[in-house]
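Engineer: Each chain is listed here by its residues.
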Amino acid sequence: GNSVTQMEGPVTLSEEAFLTINCTYTATGYPSLFWYVQYPGEGLQLLLKATKADDKGSNKGFEATYRKETTSFHLEKGSVQVSDSAVYFCALSDSGQTGANNLFFGTGTRLTVIP
Amino acid sequence: DSGVTQTPKHLITATGQRVTLRCSPRSGDLSVYWYQQSLDQGLQFLIQYYNGEERAKGNILERFSAQQFPDLHSELNLSSLELGDSALYFCASSVSWTMNTEAFFGQGTRLTVV
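From first to last, the protein sequence lines stand for chains A and B.
Just so you know, the first sequence maps onto residues 1 to 115 in this note's numbering.
Just so you know, the second sequence maps onto residues 1 to 114 in this note's numbering.
Just to be clear, a hint being listed does not mean it is correct.
Unchecked claim - Restricting the straight-line Cα-Cα distance to at most 25 Å, the calculated cross-link-like pairs of lysine to any residue (SDA-like) are:
1. Lys52/A x Pro40/A
2. Lys9/B x Lys60/A
3. Lys9/B x Glu63/A
4. Lys9/B x Lys56/A
5. Lys9/B x Gly41/A
6. Lys56/A x Glu102/B
7. Lys9/B x Lys77/A
8. Lys9/B x Leu83/B
9. Lys56/A x Leu83/B
10. Lys77/A x Pro115/A
11. Lys57/B x Ser80/B
12. Lys77/A x Thr101/B
13. Lys60/A x Lys57/B
14. Lys57/B x Glu63/A
15. Lys60/A x Glu102/B
16. Lys60/A x Gly3/B
17. Lys52/A x His73/B
18. Lys52/A x Thr101/B
19. Lys52/A x Ser80/B
20. Lys57/B x Thr5/B
21. Lys52/A x Ser85/A
22. Lys60/A x Val95/B
23. Lys57/B x Gln45/A
24. Lys57/B x Gly1/A
25. Lys57/B x Gly29/A
26. Lys57/B x His73/B
Claimed, not checked - Computed list of chain A residues with no C-beta within reach of chain B, every gap over 10 Å:
27. Val11
28. Leu44
29. Thr70
30. Val113
Hints in this document: simulated from the structure, not taken from any laboratory.
Bear in mind that the values here come from a model prediction, so they are computed numbers and not experimental data.
Using N, Cα and C, we set each Cβ at its ideal position, and we do this for glycine too.
Given these sequences and hints, build the entire structure.
Structural biologist: Structure, rendered in structure tokens:
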């Protein structure tokens, strides 16, 4: 079946530190991979996505590369800011070939950036 | 603002009661998804509707039901509520029937069962 395993949190970093949040997946089909972010009191927002192997998604300084060989989609940012404090969710969507049309989410990683 | 509207934002009710959560998708989006977010279970997919028809079903209890109306808004009905149903319920919408396209989430309805 489909599943996402995400690095446990919480993660606390100082401003301008390097961020990595690990994400690995198991999928039966040809999934698309996503990172969603949830700011306090808000719904989830799409941060970036990659739809096939070796694709790199990027947005707001965040990057993640779809690695089929390691079934991973790790999120990175070179220099975090206080405003990046949020919960980050890794997710996968199968291609629709299996008939299931929804996102499978990881458990989320809470990031706190301190000045 | 994602364009997805959920009402009410907060709901407090007693065990055994029934509640209805409402979701208005983004203009033009035909798919509506419901998710439950609880502390111990994380984000769980409940059910999807596409253009009025049920498309996919996830971990939705028999006490729960949903529908999508001709104007594409959706309602999630939760009945015989238990303490463990306390959670944040999210609605998401997307333009197509697959979530390979971007899904837009509402701000959620926080349900507290006492």
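Engineer: Going back to the hint list, which numbers does this structure go against?
Structural biologist: 1, 2, 3, 4, 7, 9, 13, 14, 17, 19, 21 and 28
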